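Participant: Residues per chain, in single letters:
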Amino acid sequence: MALAVPSEIPAPPTRSLTQRAPDMLVWGLVAVLLIFAVKPVEMNHVTKLFTNSENMREFGGELLHPNFDQWRLYVGQMWLTIQIAMWGTALAVLIAVPFGLACARNISPVWLQQPLRILMNLLRAIPDLVIGTLFIVAVGLGPFAGVMAIAINTGGVLAKLFSEAVESIDKAPVEGVRATGASRLHEIIWGVIPQVAPHWTSYALYRFESNSRSATVLGLIGAGGIGQLLFETLNAFDYHHLSAIIIVIIVAVTMIDLLSQLMRSRLL
Amino acid sequence: MPDAAVLSIRKASKSFGARRALDGVSLDVRKGEMIALIGPSGSGKSTLLRSISGLQTIDPGEGVIEAFGGPVQENGKISSGVRRTRTRIGFIFQQFNLVGRLSLFTNVALGSLGRIETWRGLLGLWPEETKTAAMAALARVGVADYAGQRAGTLSGGQQQRGAIARALVQKAKIILADEPVASLDPVAARKVMESLRDLNRQDGLTVVVTLHQVDYALRYCDRVIALKAGKIVYDGPANGLETKQLIDIYGPEFEDVFWEGAPK
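In the order they appear, the protein sequences are chains A and B.
For the first sequence, position 87 matches number 86 in numbering that gives the first Met the number 0, and the numbering has no gaps at all.
For the second sequence, position 10 matches number 9 in numbering that gives the first Met the number 0, and the numbering has no gaps at all.
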C-alpha cells in the first residue's frame, strides 16, 4: 500500500492549560511551602558556613588526625552495638513471624487480621528513639533498653514485610498440601513457610543492617554501645578521638552491609 | 467388579458470576472404576473435580456431594469432616502443586499428614512408616533417584509422578486427577497415564481423570463422562462414544483436529 502524501501536516500534540494546571499547582505549592519554611529552619544561617569557616577548619583539621590509642575500647563498644542490633533483630523476628502470618489477607480471618494490622502500624509509627527513651525510664540506662527499642520498632516493620510476602505466595502448592487432608497449621508450615522463607530471611538480614546503624544512634540517648561513647566524646570536644570512633563505625557498618548483601544475594 | 458407589454427586450446580460451570450434575462413581471426564475448556470438568475434594464449594441449594457414604459438601457449605475424607482422596493437579523448595521426599511424605500425629507433622519428624512408604511410592513411580532434590528443579513428568507418589503415601482410595498430563510432553504423559492405570488395575483404586486428549480417554479409561456447558451430555462405556457425539461436544472442528484414534 502506498503511503498517501498529506496535504496538510497535522500539528504536534499540545497539553491544554487545564491539563497542565494540576502540575503547576503542585509545584507552586511546594515552592510556597519551602519559602515559608526558610525562617523556622533558619536557612538564613547558611552564610555562617563561610563566616565561621575558622571553626570548620579547626574541627576538620582535628578530624583528619584520628587518635586510635583507645581502639580496644572502641572495637569493644562497636561489638556491643552490633550485639544490641543482633538481639533486637532476633526478638523482632520472633514477633514478626506469628504477627506477619496473622496479618496476611490470604490466610488469616478478617476479625484477627484487621486489629493486628492496626497494632503493627502503631509499633512501626513510634520511632525507635522514642521507644528507647520509654524503656530507659522503665528498665534504666543501658543496652537492654536499646534491644527492646529495636525489637519493637523492627517487629512492626518486619511483620508488615512478612505478611506482604505471604500475600504474594503461589496458592497452588498450599492447595496441594490441603488436598492430602492436612490441617490449617500443616498448610502454613508446609505450603506457606517454604515459599516465603528466603524472602523473610532476606528482609531480616536487611533490617539487621539498618539496625546496626539504629543501635549506634540509640547510644546517644544512653542505650549503651559505641553511640554513647560517641556522644560523650563529642561533648568533651575531643575531636581526635571522635574521628577514630567515626571511622570504627563506618568500617563496621560497611562490613555488615557487605556481608549481609552477600548472604542475601545467595538466598534468592 | 463394580460395586457400591464411593462418590455420589446429586444436582451439583456452580456459577461463577453469570457463567454456569456446573448445571445440575448428578453421577455415581463405583469402587474400582477408571473414569475419564472430557469436554471443551470451560465445560466444568475441573470445577466438578475440585468440588468433589471440597477445594471449592458448589452453589447453595439442593446440590450434595458425598464420598464414602459421608457428605463432602451440601447446601454450599464444606462439611466439617472434610479433612478426614480428603485423606482418602488423592488429588493430582495439572501444575503438580508440589512445594518447589522442599525436597521431592518431603513433598511425598506430606501425604501422611492426615494420619500421623499432628506434632510430628508440624515438625517434619516423619515416622519410620512414612519414610518407608514414601520411598516405596517414589520407587514404584520410578523417581526414587530424585528423592533428595528440590521438587522445583525436576521436570514436569517427574514432578507429576511425585504427586502420584504423594497420593500413594496418603493411602488414597480414590484418585482425582485434574488435567494431569496437559502440561507434559507425550512420553511423560504416557508414563503418568500408565501409572494411573496401574493403580486402578493392580491396587483397585478408583480413578477419575479429566483429559483434553480424547484418545487418552478412550485408550486408558473404561467409562467416559462428557460435559458440555456444565451438563453431562454423555455417560457410558468408552467404546460407545461415536464421532458424531464428539463433534456435538467439541464443535465441527473436532473432526479436523482429532485425526488419531478416532472412533468409527
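Keep in mind the hints are simulated off the structure, nothing from the lab.
This structure is a prediction, so every number in the text was calculated from the model and none was measured.
Warning: the hint list may mix true and false statements.
Listed below are the simulated SDA-like cross-link pairs for lysine to any residue, each with C-alpha atoms no more than 25 Å apart in a straight line [to be verified]:
id: 1; chain 1: B; residue 1: K76; chain 2: A; residue 2: L48
id: 2; chain 1: B; residue 1: K76; chain 2: A; residue 2: R116
id: 3; chain 1: B; residue 1: K76; chain 2: A; residue 2: W110
id: 4; chain 1: A; residue 1: K170; chain 2: B; residue 2: T117
id: 5; chain 1: A; residue 1: K170; chain 2: B; residue 2: Q94
id: 6; chain 1: B; residue 1: K76; chain 2: A; residue 2: K159
id: 7; chain 1: A; residue 1: K159; chain 2: B; residue 2: G147
id: 8; chain 1: B; residue 1: K243; chain 2: B; residue 2: D184
id: 9; chain 1: B; residue 1: K172; chain 2: A; residue 2: A171
id: 10; chain 1: B; residue 1: K76; chain 2: A; residue 2: L184
id: 11; chain 1: B; residue 1: K130; chain 2: A; residue 2: I187
id: 12; chain 1: B; residue 1: K172; chain 2: A; residue 2: S182
id: 13; chain 1: A; residue 1: K170; chain 2: B; residue 2: R87
id: 14; chain 1: B; residue 1: K172; chain 2: A; residue 2: Q112
id: 15; chain 1: A; residue 1: K159; chain 2: A; residue 2: I245
id: 16; chain 1: A; residue 1: K170; chain 2: B; residue 2: S14
id: 17; chain 1: B; residue 1: K170; chain 2: B; residue 2: V5
id: 18; chain 1: A; residue 1: K170; chain 2: B; residue 2: S40
id: 19; chain 1: A; residue 1: K159; chain 2: B; residue 2: K172
id: 20; chain 1: A; residue 1: K170; chain 2: B; residue 2: L153
id: 21; chain 1: A; residue 1: K170; chain 2: B; residue 2: G123
id: 22; chain 1: B; residue 1: K76; chain 2: A; residue 2: I106
id: 23; chain 1: B; residue 1: K170; chain 2: A; residue 2: R116
id: 24; chain 1: B; residue 1: K170; chain 2: A; residue 2: V109
id: 25; chain 1: B; residue 1: K130; chain 2: A; residue 2: N105
id: 26; chain 1: A; residue 1: K170; chain 2: B; residue 2: Q93
id: 27; chain 1: A; residue 1: K159; chain 2: A; residue 2: R116
id: 28; chain 1: B; residue 1: K130; chain 2: A; residue 2: H185
id: 29; chain 1: B; residue 1: K130; chain 2: A; residue 2: Q112
id: 30; chain 1: A; residue 1: K170; chain 2: B; residue 2: K30
id: 31; chain 1: B; residue 1: K130; chain 2: A; residue 2: S182
id: 32; chain 1: A; residue 1: K170; chain 2: B; residue 2: L122
id: 33; chain 1: A; residue 1: K170; chain 2: B; residue 2: A181
id: 34; chain 1: B; residue 1: K76; chain 2: A; residue 2: E186
id: 35; chain 1: A; residue 1: K170; chain 2: B; residue 2: G147
id: 36; chain 1: B; residue 1: K170; chain 2: A; residue 2: E186
id: 37; chain 1: A; residue 1: K170; chain 2: B; residue 2: V5
id: 38; chain 1: B; residue 1: K170; chain 2: A; residue 2: E174
id: 39; chain 1: A; residue 1: K170; chain 2: B; residue 2: V81
Participant: Which hints from the list above does the structure break, by number from lowest to highest?
Facilitator: 1, 2, 6, 7, 8, 14, 15, 19, 23, 24, 25, 29, 30, 37
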